[in-house]
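Single-letter residue listing:
2 protein chains.
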Amino acid sequence: MVPLIAISGRSGSGKTTLIVKLIAELKRRGYRVGTLKHDAHGFEIDHEGKDSYRHKRAGARCVVLSSTEKFAVIKDVDAEWHPARLAAAYLADADIVLLEGFKRYAFPRIEVVRAACSKRPVTPDDTSLRAYVTDLPMKTAKPVYGLNHTRRIASFIEREIISKQTPQNISLILDGEPIELDPCSGEKVIASIDAALKAIKKRTRPREVEIRLRLKRHTRRRRK
Amino acid sequence: MVPLIAISGRSGSGKTTLIVKLIAELKRRGYRVGTLKHDAHGFEIDHEGKDSYRHKRAGARCVVLSSTEKFAVIKDVDAEWHPARLAAAYLADADIVLLEGFKRYAFPRIEVVRAACSKRPVTPDDTSLRAYVTDLPMKTAKPVYGLNHTRRIASFIEREIISKQTPQNISLILDGEPIELDPCSGEKVIASIDAALKAIKKRTRPREVEIRLRLKRHTRRRRK
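Line order of the protein sequences matches chains G and W.
As numbered in numbering that gives the first Met the number 0, residues 0 to 223 make up the first sequence, in order.
As numbered in numbering that gives the first Met the number 0, residues 0 to 223 make up the second sequence, in order.
Some hints here could point you the wrong way.
Same chains, same label: a pair holds when it works inside one copy or across any pair of copies.
As the list claims (entries may be wrong) - Straight-line alpha carbon distances no greater than 25 Å define the calculated BS3-like cross-link-like pairs of lysine-lysine that follow: (1) K74 / K55; (2) K55 / K102; (3) K74 / K20; (4) K55 / K26; (5) K187 / K55.
Hints were generated in silico from the structure; no laboratory data involved.
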């Protein structure tokens with residue numbers, strides 16, 4: 000799993016402002032940064048007149064645009080994807096992913112509390128809460144940073160999230176749900192896939208492997 | 000592999016117009032349609048002022064927006080992803096994917112030749128070329144449709160692409176490159192993964208499995 004930190008806080012507290020500053024600072028330090036933003040109100044990324052817009056409006060369920068520099072995907076879903084699934088699918092090559100929103104998930108979390116917006120945090124001071132970023136005095140045992148302490152907050156993320164991430168070599172998603180594997184089980188699955196790949200291919204051993212499969216339903220035999 | 004058909008033709012020949020009409024017609028017939036468009040000139044999907052734009056401009060390598068109805072991804076890449084990789088990763092749940100561009104790949108292809116734009120095809124009449132859509136007389140053994148024969152073209156795609164697709168239960172991508180597996184090898188890999196999963200999980204057998212893994216480099220022992 001790629002290292003994740005959620006930036007939470009009330010609407011208007013300054014989450015996006017903080018994230019934008021952290022992206023620049025973490026990039027400056029050599030990290031590849033990804034972001035994942037939950038938008039409760041839906042969003043419009045696509046615009047009238049663009050081909051992608053015309054495809055979507057005609058009824059395409061998923062539109063992908065691809066160039067030599069980037070690609071873009073706009074995809075309809077029946078239910079919101081778990082952020083860990085989105086991270087595994089799109090953000091696996093990032094060194095750190097900054098999440099905006101998603102406060103109901105148990106990701107490590109920094110809460111922004113800005114006096115002009117709210118006097119107290121909106122999420123509990125639990126084990127996921129790692130630090131506050133605020134212009135208010137705060138009664139907590141957790142680290143407290145000022146709204147403009149971008150470099151100190153970046154160092155905190157580097158120290159507490161990026162460097163503490165145990166390298167994991169497998170991500171497993173079953174029926175759309177990310178599965179936590181203990182390292183031993185993970186290694187077993189990797190070994191069996193590695194063995195299966197050896198049997199089929201006549202090429203250099205790959206480094207990155209992506210597999211999607213559809214398992215057939217087992218049909219039970221009925222007795223007469 | 001999800002069934003793919005490329006719509007090719009000179010710039011201005013009416014590829015997007017045809018694709019938009021086909022999306023609507025195929026959707027009306029109950030198919031889930033995905034599209035994949037190559038844009039040689041790059042594209043701007045994101046717009047100033049949006050959070051996603053601010054994230055990208057600050058230096059994020061990948062930005063994901065998620066809601067209950069859809070998600071969007073904008074991702075920087077070092078080199079253009081193979082369309083089959085994009086299709087496997089993001090379009091696997093479509094019944095049919097319409098490609099725009101990508102004429103140098105060996106996907107089944109329909110070429111649009113519109114007199115106002117060009118007098119002759121831009122791609123060869125080879126085995127990948129399945130039909131022409133044109134307002135010109137055309138010397139070919141392949142089917143020729145008029146520019147407005149949307150329903151007949153949709154039926155052709157249904158008959159020649161969608162229904163001829165052999166159901167494949169595995170997609171394998173090694174170091175970013177989609178690998179064609181013969182059905183027998185595919186079933187072997189599926190069986191070994193199925194067995195590995197049985198050993199680790201205590202839950203109902205999944206139907207859809209996604210695995211990403213990073214294999215360690217084998218280090219060769221050196222002799223002194």
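How the hints compare with the structure:
1. K74 / K55: both (9 Å within a copy, 19 Å between copies)
2. K55 / K102: between (30 Å within a copy, 22 Å between copies)
3. K74 / K20: For K74 and K20, only the inter-copy Cα distance (19 Å) is at most 25 Å; the intra-copy one is 28 Å.
4. K55 / K26: between (33 Å within a copy, 11 Å between copies)
5. K187 / K55: Classified as neither: same-chain Cα gap 42 Å, cross-chain 38 Å, threshold 25 Å.
In terms of the numbered hints stated before, the structure departs from hint 5 and from no other.
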